[in-house]
Amino acid sequence: MLYAILCYHDEATVCAWSKDHDDAVMEKLAVVQEKLTKQGRLGPVARLLPTTAATTLRKEGDPPLVLDGPFAETKEQLLGFYIIDAKDLDDALAVARDLGEANPGGSYEIRPVGVFRPGNVAP
Amino acid sequence: MSDIASDLAWIDAALTSSRPQALGALLRYFRDLDLAEEAYQNACLRALRSWPQNGPPRDPTAWLIMVGRNSGIDDARRRNRLRELPSEDAISDTGDAEGEIAERLDGSHYRDDILRLLFICCHPQLPATQQIALALRIVSGLTVKQIARAFLVTEAAMEQRITRAKAAVARADVPFEAPGAVERGERLAAVAAMVYLVFNEGYSASGDTIEERAPLCDEAIRLARLLLRLFPAEPEIMGLLSLLLSQHARSAARYDAGGGIVLLDDQDRGRWNGPMIAEGMALIDKAMRHRRSGPYQVQAAIAALHSGAASPDQTDWTQIELLYRTLEMLQPSPVVTLNRAVAVSKVEGPQAALDLIAPLAKRLAGYFNYHGVRGALLLRLGRAGEARCAFDQAIALAGTTAEAAHIRMHIDRLTAVDGGDSSRHPSNAPSTPE
Numbered sequence: 000m001l002y003a004i005l006c007y008h009d010e011a012t013v014c015a016w017s018k019d020h021d022d023a024v025m026e027k028l029a030v031v032q033e034k035l036t037k038q039g040r041l042g043p044v045a046r047l048l049p050t051t052a053a054t055t056l057r058k059e060g061d062p063p064l065v066l067d068g069p070f071a072e073t074k075e076q077l078l079g080f081y082i083i084d085a086k087d088l089d090d091a092l093a094v095a096r097d098l099g100e101a102n103p104g105g106s107y108e109i110r111p112v113g114v115f116r117p118g119n120v121a122p
Numbered sequence: 000m001s002d003i004a005s006d007l008a009w010i011d012a013a014l015t016s017s018r019p020q021a022l023g024a025l026l027r028y029f030r031d032l033d034l035a036e037e038a039y040q041n042a043c044l045r046a047l048r049s050w051p052q053n054g055p056p057r058d059p060t061a062w063l064i065m066v067g068r069n070s071g072i073d074d075a076r077r078r079n080r081l082r083e084l085p086s087e088d089a090i091s092d093t094g095d096a097e098g099e100i101a102e103r104l105d106g107s108h109y110r111d112d113i114l115r116l117l118f119i120c121c122h123p124q125l126p127a128t129q130q131i132a133l134a135l136r137i138v139s140g141l142t143v144k145q146i147a148r149a150f151l152v153t154e155a156a157m158e159q160r161i162t163r164a165k166a167a168v169a170r171a172d173v174p175f176e177a178p179g180a181v182e183r184g185e186r187l188a189a190v191a192a193m194v195y196l197v198f199n200e201g202y203s204a205s206g207d208t209i210e211e212r213a214p215l216c217d218e219a220i221r222l223a224r225l226l227l228r229l230f231p232a233e234p235e236i237m238g239l240l241s242l243l244l245s246q247h248a249r250s251a252a253r254y255d256a257g258g259g260i261v262l263l264d265d266q267d268r269g270r271w272n273g274p275m276i277a278e279g280m281a282l283i284d285k286a287m288r289h290r291r292s293g294p295y296q297v298q299a300a301i302a303a304l305h306s307g308a309a310s311p312d313q314t315d316w317t318q319i320e321l322l323y324r325t326l327e328m329l330q331p332s333p334v335v336t337l338n339r340a341v342a343v344s345k346v347e348g349p350q351a352a353l354d355l356i357a358p359l360a361k362r363l364a365g366y367f368n369y370h371g372v373r374g375a376l377l378l379r380l381g382r383a384g385e386a387r388c389a390f391d392q393a394i395a396l397a398g399t400t401a402e403a404a405h406i407r408m409h410i411d412r413l414t415a416v417d418g419g420d421s422s423r424h425p426s427n428a429p430s431t432p433e
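These protein sequence lines map, in sequence, to chains A and B.
Residues 0 to 122 in numbering that gives the first Met the number 0 are what the first sequence spells out, letter by letter.
Residues 0 to 433 in numbering that gives the first Met the number 0 are what the second sequence spells out, letter by letter.
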C-alpha cells in the first residue's frame with residue numbers, strides 16, 4: 000500500500016537553520032531515502048518552498064478567488080512530502096520514525112494514498 | 000576548551016541574531032525604549048561573562064530576555080532602594096526557567112515583538128532617513144560607522160541623525176497597541192527600506208569580512224519573510240523578499256578563494272543557490288499578478304533576469320535596461336542611472352553609457368562604483384589615461400580591501416599594456432555594480 004508522509008514543521012524555525020545545519024539534516028535524510036530506494040519503496044519526494052511563496056485558489060467562488068499565502072494559517076506548515084510503499088500502517092510508521100530520527104522536530108502525517116499516478120515530469 | 004576567538008565569534012553571532020527578538024520582548028515588558036536597550040545591554044554583558052565559562056545556553060534569545068528582564072527589574076528596584084541586586088550566579092544559572100520562557104516564545108509573540116520594535120523606529124514624526132537609521136541602530140545593532148557607510152554620509156552626520164531620532168522617539172508616545180491595518184501599511188514602506196539596507200550592509204561585505212557580515216543578509220531575509228507573513232498580499236514585500244533572495248543566491252560565487260570580487264559575468268553559475276533563485280522567481284511571479292508595480296518589484300525582476308540567465312550572454316540586457324528606466328521613474332537616483340548605464344553599455348556600447356553618466360559626475364563624485372564603472376567604460380573606448388585616472392579615484396574611495404584589489408587589477412592590466420591598445424581587453428567591460 001502506498002502512503003504519503005506529509006511533513007509539518009514551523010517554517011520560521013526551519014528558515015532560521017544555518018546552511019550547515021540544513022545540509023547536515025539533508026544528508027541524514029538522504030541516507031534513509033537511499034535505503035528505501037534500494038528496497039524499491041520510495042516514490043516521489045518533494046521539499047516545498049516556504050508558504051510565503053504560496054498562492055491559494057478558492058474554488059467556491061465564481062470565478063475562483065486567488066489569494067496570496069497558504070491555504071490555512073497554522074502554527075506548523077506543510078513543508079514537504081514523501082510517497083512510500085509500506086506493508087501496513089506499522090511499517091509506514093517505522094519509515095516515518097526513521098525519517099524523524101534524521102530530522103527531529105515538527106510532525107509527520109501518515110496518510111494512505113487512494114489514487115496514485117507517478118506522472119512524467121523530469122526533476 | 001574552545002579558543003577565545005571562536006567563543007567570541009559565536010557569542011557575537013548569537014547576540015546579533017537574538018537582538019531584534021530579545022529587544023522586542025524587553026520593550027514589551029518595559030514599554031520604554033531606553034529601559035529596554037539598557038536591559039538588553041546588561042544581558043549582553045552578562046552573556047559575555049557567563050557564556051565562555053558556562054557554555055552556550057540552550058536558547059540564547061530566551062536567556063537574554065530573561066536575564067535582561069531580571070536586570071531591568073533589579074535596576075528599577077535599586078533605584079527605588081527596595082532591594083539589593085542578587086548575586087551574579089543567581090542570575091546566570093537560569094536552569095529550567097529558561098526552557099519555560101523558550102516555550103512561551105511562540106511564533107506570533109515574537110513576530111509582534113519584532114514588528115513593534117520596527118514600527119517604533121518608523122515613528123511618523125521621524126523623517127524617513129532618521130527612521131531607517133534608528134532601526135538599523137536599534138533593531139539590527141549596526142554601528143554608527145556601518146550605517147554611515149550604507150547611507151554614503153560621514154560618521155559624524157550619522158551620529159547626529161541617530162541622536163536626533165532617539166530624542167524624537169523619546170519625546171513621542173510609543174505605540175504599544177498593534178497599529179491598525181492602514182497605519183501599518185503606511186509604515187511598511189519605511190520598514191521595507193530598512194530591511195533592504197540591512198541586507199546591503201551584509202551584501203557589500205568584502206571577502207575578508209564576509210563571515211561577520213553575511214548573517215546580516217540572512218537576518219534581512221528573515222525580516223522580509225516575517226513582513227510577508229504579516230502582509231501576505233503586499234506585492235512590494237513579495238518584491239523585496241524576491242530581490243533579497245535572488246541576490247543572496249549568488250553569494251557563494253561572488254568571491255574567489257582569495258576573497259577577490261568575481262563579477263557577475265565571471266561567476267560560476269553552478270554555485271548559485273537553485274532553491275533560492277526558484278523562490279525569488281516564484282515571488283516576483285506572484286507579485287506581478289497584482290499589477291501594482293513598485294521599486295522592489297522592478298529590482299526583483301532585474302535580479303531575476305540575471306539569476307535566470309543560464310550564461311552571461313543569455314542575459315536579456317534590453318529588458319534590464321527597460322526595467323532600470325522604469326526604476327528611474329519610480330525612484331529617481333543617480334545610482335539607478337549608473338546601473339542603467341551598465342545595461343546601456345551592453346546594448347548600445349560604451350560611448351552611449353559614458354554619455355549617460357557624464358551628468359552624474361558631481362553627485363557621484365564620492366561613490367566608488369561610479370569611478371569603477373567610468374574607468375571600465377573609458378578602457379573599452381581605448382582612453383587608457385583617463386581610465387587610469389578614474390580607477391585611481393575609485394581606489395581612493397574603496398570601502399573594502401576586495402574593492403580596492405579589484406580596481407588595482409584593472410590598473411595592473413593597464414600597466415601591462417602601457418603604450419599598447421588596451422581596448423583589446425574585453426574582460427574590462429563593466430559589470431553591474433552590485
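Calculated directly from the structure, the hints in this document are not laboratory data.
As the structure is a computational prediction, the values presented were derived from the model and not from experiment.
Among these hints, one or two may not hold up.
If you anchor each label on the Cβ, the simulated ranges turn out as follows [stated by the list, open to error]:
1) B:G54 x A:A45: 36 to 44 Å
2) A:A45 x B:G381: 24 to 32 Å
3) A:F70 x B:R77: 20 to 28 Å
4) B:Q350 x A:R116: 56 to 64 Å
5) A:I109 x B:Y28: 37 to 45 Å
The beta-carbon is built from N, C-alpha and C at its ideal position, and this holds for glycine as well.
Here's how the hints hold up against the structure:
Checked against the hint of 36 to 44 Å, the C-beta distance between B:G54 and A:A45 comes to roughly 38 Å, which is consistent with it. Against the hinted window of 24 to 32 Å, the Cβ-Cβ separation of A:A45 and B:G381 comes to about 54 Å, which falls outside the hint. The hinted window of 20 to 28 Å between A:F70 and B:R77 is violated, with their beta carbons roughly 52 Å apart. Against the hinted window of 56 to 64 Å, the Cβ-Cβ separation of B:Q350 and A:R116 comes to about 58 Å, which satisfies the hint.
Range check, A:I109 to B:Y28: Cβ separation about 42 Å, and the 37 to 45 Å hint holds.
Hint compliance for this structure: hints 2 and 3 are broken, all remaining hints hold.
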